[in-house]
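Chain by chain, the residues:
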Amino acid sequence: MKKVLSFLLTVAMVFACSQAVFADARAYRDSGDGDIVIETSGGKEIELVGHVEPTIISVVMPSYIPFDISKSQPAENKVVSPEIKVTNNSNVAVTIYVDNARVDLSNLQGTSWNNNGMVAENQVAVGLTEAAAQPENLMGARWLAQGQQNTELLRLIPQQNGKMFIVGAIGSQVPENQVFSVVPTLVVKQA
Amino acid sequence: MNNKRKTVILVFLAGAVIALGIACFLLLRMLPSRSGLELENNATVGIMPGIDREQRLKELQNELDKGLIAFSINSSPLFDSKTQEGNLMLENPANNAKLLVAQVVLNEGQKTLYTSKAIQPGSYLERIKLEQPLAEGVYEATVYIQAYDEQTQDLIGQTGAAVTLTVQNQ
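As given, the protein sequences belong to chains A and B, one line each in that order.
Note that my numbering numbers the first sequence so that position 21 is 511, with each residue one more than the last.
Note that my numbering numbers the second sequence so that position 73 is 99, with each residue one more than the last.
The shape of chain A in the complex, shown without the other chains:
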């Protein structure tokens, strides 16, 4: 009798201790390829909240571009231009383009604006070109038009610097020793 009771007590203890295991909702299944797959059923819901950060464009750009233009310049490009540096400090690529250009030729009597660089004797044309040094010729120039436009100038990858120069052509009959202005507004956008 004592042996039977001892056996029954042992079985009861084993059964009681194993309840914690059976209470666990997890079941273990052999996937067949050596991995043990753990599946969950029931339990608590976990909410994952994500916030999409805005894309910040960060640049250094010119707001004013002075230059000289002269018929006496020996090269095809008649402009003396400073280096126009643009820096993309963003983590995304950007494009720089001309949004609009205000032109004032009121001091150059009889002179008109030219949009394509093939100037007549009484015309002036000014453009921008991406280059490492002051260009001698007009190849690759992006000519400025009067008013609203969408003239793409250069594309910069993240953390890249770009360099441009003003280029121009001037007709033989354009008055000298006068001042005219062409004011392009450069705009940056995410590429």
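Check the hints yourself; a few may be wrong.
Estimated spans, in silico, between C-beta atoms of each pair [claimed, not checked]:
hint, chain 1, residue 1, chain 2, residue 2, range
1, A, Q638, B, E152, 28 to 34 Å
2, A, G630, B, Q194, 40 to 46 Å
3, B, K137, A, N640, 17 to 23 Å
4, A, E611, B, G148, 47 to 53 Å
5, B, Q194, A, L538, 19 to 25 Å
6, A, E611, B, N88, 29 to 35 Å
7, B, R153, A, I536, 30 to 36 Å
8, A, E642, B, A123, 25 to 31 Å
Some, not all, of what chain A presents toward chain B, calculated at C-beta under 10 Å [as the list claims (entries may be wrong)]:
hint, residue
9, M551
10, P552
11, S553
12, D558
13, P572
14, E573
15, N579
16, L628
17, Q638
18, Q639
19, F670
20, V673
21, L676
22, K679
23, Q680
Treat the hints as calculated values from the structure; they're not laboratory data.
Cβ coordinates follow ideal geometry from the N, Cα and C atoms, glycine included.
Put chain B on the given structure of chain A with help from the hints.
Chain B alone, transformed into the frame defined by chain A:
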């Protein structure tokens, strides 16, 4: 008597010689010099502007560098359709040394939606409220950024950033 007469003659001769000398001096000053050149008083000392290309390039570069502006902006600000407030997140970095004024202009129709007051270097405009309300939707706009000298408040120039405005119920 003879001595007196001699004295008078000598004094007269001395006076004549002195007068002749003064006359010669004045006459010679009026005549053009044969041995030297007369200096031009209308000339300006220094290199004539426009002649020294390297010097001129330096001047142009200096002017352009003064007009460089740095800024950061949210490329796709989100606006609440009820309050018309949104996160433009425009920053004027401390090293700019320029005041910035921002103007948000709708590309279609060129309508000005918002104009800021002057933003000082080292500060930022996180949220703005559109002065011209927009209905829910997505709009292409340009934020024109004008730079002003911090001391004189003279306009230096203008640049811009293309943004996409989203107006929705939040």
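| task | Could you check if P552 (chain A) really has its C-beta closer than 10 Å to a C-beta on chain B? | result | Since the shortest Cβ distance to chain B is 6 Å, the answer is holds.
| Are K679 (chain A) and chain B close enough, Cβ to Cβ, to be under 10 Å, as the hint says? | holds (3 Å)
| said: Taking 40 to 46 Å as the stated bounds, is the beta-carbon spacing between G630 (chain A) and Q194 (chain B) within them? | reply: holds (43 Å)
| task | Let me know if the C-beta of S553 (chain A) comes in closer than 10 Å to any C-beta of chain B, holds or violated. | result | holds (3 Å)
| query | Are Q680 (chain A) and chain B close enough, Cβ to Cβ, to be under 10 Å, as the hint says? | reply | Nearest chain B Cβ about 5 Å off; hint holds.
| task | With respect to the beta-carbon atoms only, verify the hint that R153 (chain B) and I536 (chain A) lie 30 to 36 Å apart. | result | For R153 (chain B) and I536 (chain A) the Cβ distance comes to about 32 Å; the hint holds.
| field | Proposed interface contact between V673 (chain A) and chain B, which counts if any beta carbon pair is under 10 Å | value | holds (8 Å)
| message | Using the nearest Cβ pair, does L676 (chain A) come within less than 10 Å of chain B? | response | holds (5 Å)
| task | Go ahead and decide if the range 28 to 34 Å is satisfied by the Cβ distance of Q638 (chain A) to E152 (chain B). | result | holds (30 Å)
| message | Is 29 to 35 Å respected by the C-beta to C-beta distance linking E611 (chain A) and N88 (chain B)? | response | holds (34 Å)
| message | Please check whether E573 (chain A) passes as an interface residue: C-beta within 10 Å of a C-beta belonging to chain B. | response | Hint on E573 (chain A): holds, closest Cβ of chain B at ~7 Å, below 10 Å.
| field | Given hint M551 (chain A) near chain B, where the shortest CB pair must fall under 10 Å | value | OK, holds: M551 (chain A) within 10 Å of chain B, min 5 Å.
In this structure, the hints that do not hold are numbers 16, 18, 19, in rising order.
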